[in-house]
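Construct the complete structure from the given sequences, taking the supplied hints into account.
Sequence positions in the sequence shown follow the UniProt record's numbering and run 1 to 125.
Any given hint could be a false lead.
[Said to hold, decoys possible] Only pairs whose alpha carbons sit at most 30 Å apart, straight line, appear in this in silico DSS-like list of lysine-lysine:
1. K50 <-> K21
2. K100 <-> K21
3. K100 <-> K50
Derived from the structure by calculation, the hints contain no laboratory data.
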Amino acid sequence: MAIIDHAELPEIEMRQGVRGKFLSHQDLGAVGCSLLVNTVEPGAVIPLHKHTVEETMLVLEGAVWVQLGTERTTVCANHTVIIPAGTPHAWGNDGHESAKLLWAFAGPNPFDDSTYLEGEPPNTV
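Structure (C-alpha cells):
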C-alpha cells in the first residue's frame, strides 16, 4: 500500500498556462492507473492528441472547452468527460478564471503512448 502526501509532490509546468501534479503514477508505485490534477489558466490550450488508454476528466473548478473528434463543448465544475482510448481530443480555457481538473487514466503513465496530432507533448518531469 502506498500513501501519498499531495503537499510533498512536485508541481510541473506542463506547458504555458498549465500546471500539473501527478497524484498517482508509475513513479509513485501505480501499475494500472494514474491520477493527475491540473490548474489551467485562461488562454491555455492543449493541442489535438490521443492516448492508447481511456481517460476521464473531472472539472473541479471553473470551466474548460473540450473537443472530442470534431465535437466541441464547454464543461464546468461538477461535470465529467469520458474520453475513449484512441479518440483525438483537445481542450483549453477560454474563460476569465483558472480551472482545476482531475484526470484519471487507465494506465500508470498516460503520456508514454500518446500521439500529438498538433503541437508538442507536455513537459511531464
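Each hint tested on the structure:
| no. | hint | result |
| --- | --- | --- |
| 1 | K50 <-> K21 | holds (20 Å) |
| 2 | K100 <-> K21 | holds (11 Å) |
| 3 | K100 <-> K50 | holds (21 Å) |
Going through the hint list in order, the structure satisfies each hint without exception.
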